[in-house]
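Colleague: Here is how the chains run, residue by residue.
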Amino acid sequence: MSTPTNEQWDIELTPHSSLLDLKLNDVWHYRDLLILLVRRDFVSFYKQTILGPLWFFIQPVFTTIIYTFVFGNLANISADNLDKPLFYMAGITAWNYFADCLTKTSTVFVANAGLFGKVYFPRLIIPLSIVVSNLIRFAVQMVLFLLTMIFYSIHGSNVHPNIYLLLFPFLLVLMAMLGLALGMIISALTTKYRDLSFLITFGIQLMMYGTTVIYPLSAVKAKYPKYAWLVEYNPMTPIIEAFRYGFLGKGTFTMLSLGITTLITVGILLAGIIIFNRVERTFIDTV
Amino acid sequence: MATVIKVENLSKAYQLGEIGTGTLSRDLERYWARVRGKEDPFLKIGEINDRAKKGESDVVWSLKDINFDIEHGDAVGIIGRNGAGKSTLLKILSRVTAPTTGSVKLKGRIASLLEVGTGFHPELSGRENIFLNGAILGMRKAEIKRKFDEIVDFSGVERYVDTPVKRYSSGMYVRLAFAVAAHLESEILIVDEVLAVGDAEFQKKCLGKMEPGFSSLLPYRGNT
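Protein chains in written order, with numbering that gives the first Met the number 0: chain Z, 0 to 286; chain G, 0 to 223.
No lab work stands behind these hints, which were simulated from the structure alone. It is possible that some hints are incorrect.
What the hints assert, rightly or not - Some residues of chain G that are not near chain Z, with every Cβ distance over 12 Å (derived): (1) Pro163; (2) Glu200; (3) Lys203.
To be verified - Below, simulated SDA-like cross-link-like pairs (lysine to any residue); rule was C-alpha separation at most 25 Å, straight line: (4) Z:Lys46 x G:Met171; (5) G:Lys104 x Z:Asp40; (6) G:Lys208 x Z:Phe120; (7) G:Lys208 x G:Asp148; (8) Z:Lys220 x Z:Thr253; (9) G:Lys140 x Z:Val37; (10) G:Lys208 x G:Arg108; (11) Z:Lys83 x Z:Leu205; (12) G:Lys104 x Z:Val26; (13) Z:Lys191 x G:Tyr13; (14) G:Lys5 x Z:Gly116; (15) G:Lys203 x G:Gly72; (16) G:Lys144 x Z:Asp40; (17) Z:Lys46 x G:Glu186.
No experiment lies behind these values; they were computed from the predicted model shown. The beta carbon of each residue, even a glycine, is placed where N, CA and C say it ideally should be.
Turn these sequences into a full structure, and let the hints guide you.
Modeller: And the structure:
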């Protein structure tokens, strides 16, 4: 080994790190770990279940049936003139991905305290692996949604997939980023204040009602023109509306609203990474 | 010889008792002190760490103004009573937690073994866990692949390599876990009482593996 001069240190550990050091290089170096963690999640999910991946299907199917019955028929909430099961399934599929990313990343620190307490690796890897793992589940649910769509269009439903379908990858990234960001912020705060883990379970439910999952934005605008902005500025709303518009041909969104959502998402994500990295340094002392 | 670890004025404070009630007001107070450019009000009152005596404050300094250098090729043991701060020091060196004050400078790649088999998933086979654990320790996939046979050979559990590790005996588990860590290409090895497990033959093998080219830190506890 050559003799390095005293100035060349590879790593310096100090009490505080720079706020804007996002450690993304470090994350890149550990990319293989990310893939292996995703594999681990996938493989261990199947173990000791009989139905295995079928569970991915069962949940959206039953939710759609219940929603169609309760919100569609019993409460008679508008479905933008679409077939109700299709309308709900589109909302549920997209919402589930976001909600899963959010709830799972929100427990990262507490759930992995044992691992984080013993070995160093960029902690960001874990939330990232959750987002990627959830993609598998989302892909299965998307297949189900597409099959339902094909079924309905054969039976003469007014389904109009259009050019906005191309927005889909972008919408997916937005959902992942938003779920990841909010989850990381909550997970960072729960290391000290466990209250938030209670908030998240019902908060996510309430947030669903503030998003256009079981009703279209057009219905809110027609009925509560004064308060529609509340739903409109919810960053998830334009994503789901654009998702529905692309696949089914009905939905209320503008490029401006999608642009605002993107800005909000990127902002929250930056804040999330900064908070996460700050807490990561010493959370093991308080968790 | 070149210095590979330089520890300067390293201190670490821990809070005693329950963390929870009053943390928000405490955090606000600390934040306010920082904004005014004052010293952290809760760190001032910390006192010397003596676990046997009841203290006045609920902040304790596990490490206080530690300074030392470790040269390349040194093997250093850290000895101390329970609660003296041995593991705290190793935790800071392996980047699990950050120091309260002071700094540590390191040269080269660090492998730290605070616990064997961290991140092992009980449902996965030995083979899968070698890859997972190797990646957690910072190895690239290609690197693990290259060394795979060597790792299995070193661990001596070849026969069980496709069996889920939950079926392993604790000795086999440790053998496999240590084998992964031992093949990490690092200049600095940090070990915390992990060799207490494993039979005499394996312990000897591990110590042999550590000797060449490593700067290692080994706290000894009890009989190893």
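Colleague: Next step is simple, just say for each hint if it's right about the structure.
Modeller: Going through the hints against the structure:
no. : hint                : verdict
1   : Pro163              : violated, 9 Å
2   : Glu200              : holds, 26 Å
3   : Lys203              : holds, 25 Å
4   : Z:Lys46 x G:Met171  : holds, 23 Å
5   : G:Lys104 x Z:Asp40  : violated, 36 Å
6   : G:Lys208 x Z:Phe120 : holds, 24 Å
7   : G:Lys208 x G:Asp148 : holds, 16 Å
8   : Z:Lys220 x Z:Thr253 : holds, 14 Å
9   : G:Lys140 x Z:Val37  : holds, 14 Å
10  : G:Lys208 x G:Arg108 : holds, 17 Å
11  : Z:Lys83 x Z:Leu205  : holds, 22 Å
12  : G:Lys104 x Z:Val26  : holds, 21 Å
13  : Z:Lys191 x G:Tyr13  : holds, 14 Å
14  : G:Lys5 x Z:Gly116   : holds, 23 Å
15  : G:Lys203 x G:Gly72  : holds, 19 Å
16  : G:Lys144 x Z:Asp40  : holds, 21 Å
17  : Z:Lys46 x G:Glu186  : violated, 39 Å
The structure fails hints 1, 5, 17 (numbered hints given earlier, in ascending order).
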